[in-house]
Amino acid sequence: MNASSGTLYLVSTPIGNLEDITLRALRVLKEVDLIAAEDTRQTRRLLTHYKIHTPLTSYFEGNQQMKGDKLVERLEAGEAIALVSDAGTPIISDPGYPLLRRCIDAEIPIVPIPGASAVVTAASISGLPLHNFVFEGFLSPKSGKRKRQLGVLADEERTVILFESPHRLRRFLEDVLEVIGERDIVVTRELTKRFEEVFRGNVSEALEKFRDTEPRGEFTILIAGTRRKYDNT
1 MNASSGTLYL
11 VSTPIGNLED
21 ITLRALRVLK
31 EVDLIAAEDT
41 RQTRRLLTHY
51 KIHTPLTSYF
61 EGNQQMKGDK
71 LVERLEAGEA
81 IALVSDAGTP
91 IISDPGYPLL
101 RRCIDAEIPI
111 VPIPGASAVV
121 TAASISGLPL
131 HNFVFEGFLS
141 PKSGKRKRQL
151 GVLADEERTV
161 ILFESPHRLR
171 RFLEDVLEVI
181 GERDIVVTRE
191 LTKRFEEVFR
201 GNVSEALEKF
211 RDTEPRGEFT
221 ILIAGTRRKY
231 DNT
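The letter at position 183 of the sequence shown is residue 183 when you use the numbering used here, and the numbering goes up by one with no holes.
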């Protein structure tokens, strides 16, 4: 399908390695009238690498109401717009959701351009059961609320996938140990990038590792579910 007017394209972009983008995504980014990006600096790096000169505008949590109005107006006027996340697949734990809902309500055509996702990438190499899983995104930055959220997940039988920032990682792991207890855990960092790292162990071992090593980069974390579902006893 060629990029057509009056359409919102949800374009997945690399989570690290710039080669992890589809040919279709590159074509759409070249053909649309405008690219709306959560982080224009990150997206400009991608566009420069592939010699794409499509106009770029910012769309992030701080301006999503005002900018969303303008984007919908342009879509209704017949323009084609690509929405891209900071990295990975749009709408997943990023500010694109309100724009998506507005386009659905306005009956503006929406076309997904699939590609990289930190959730699926981390899950695929985790070694934890994936016949089903639950994605929780970022938990609260406040310890009290985060502990309550972890309390809800404590009896979850599915593998739990979460995002966490480097400056909160240690406190997050401490809360996991306190609320959920010892559990198999996989901590992935900087997936597909030069310093990609995958840690597999239990929560105490993860805490020990990241107490000795200053956490840096983007983290996707998988916590094993309760074993009741897999036990035959």
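If you're looking for bench data, these hints aren't it; they were derived computationally from the structure.
None of these values were measured; they are calculated from a predicted model.
Incorrect hints may appear among the rest.
[As the list claims (entries may be wrong)] Below, computed lysine-lysine pairings styled on DSS-like, alpha-carbon distance capped at 30 angstroms:
id, residue 1, residue 2
1, 147, 209
2, 30, 70
3, 70, 51
4, 145, 209
5, 193, 51
6, 142, 30
7, 30, 51
8, 67, 51
9, 209, 142
10, 30, 67
11, 209, 193
Run through the hints listed earlier and report the numbers of any the structure violates, in increasing order. Violated: hint 6 alone.
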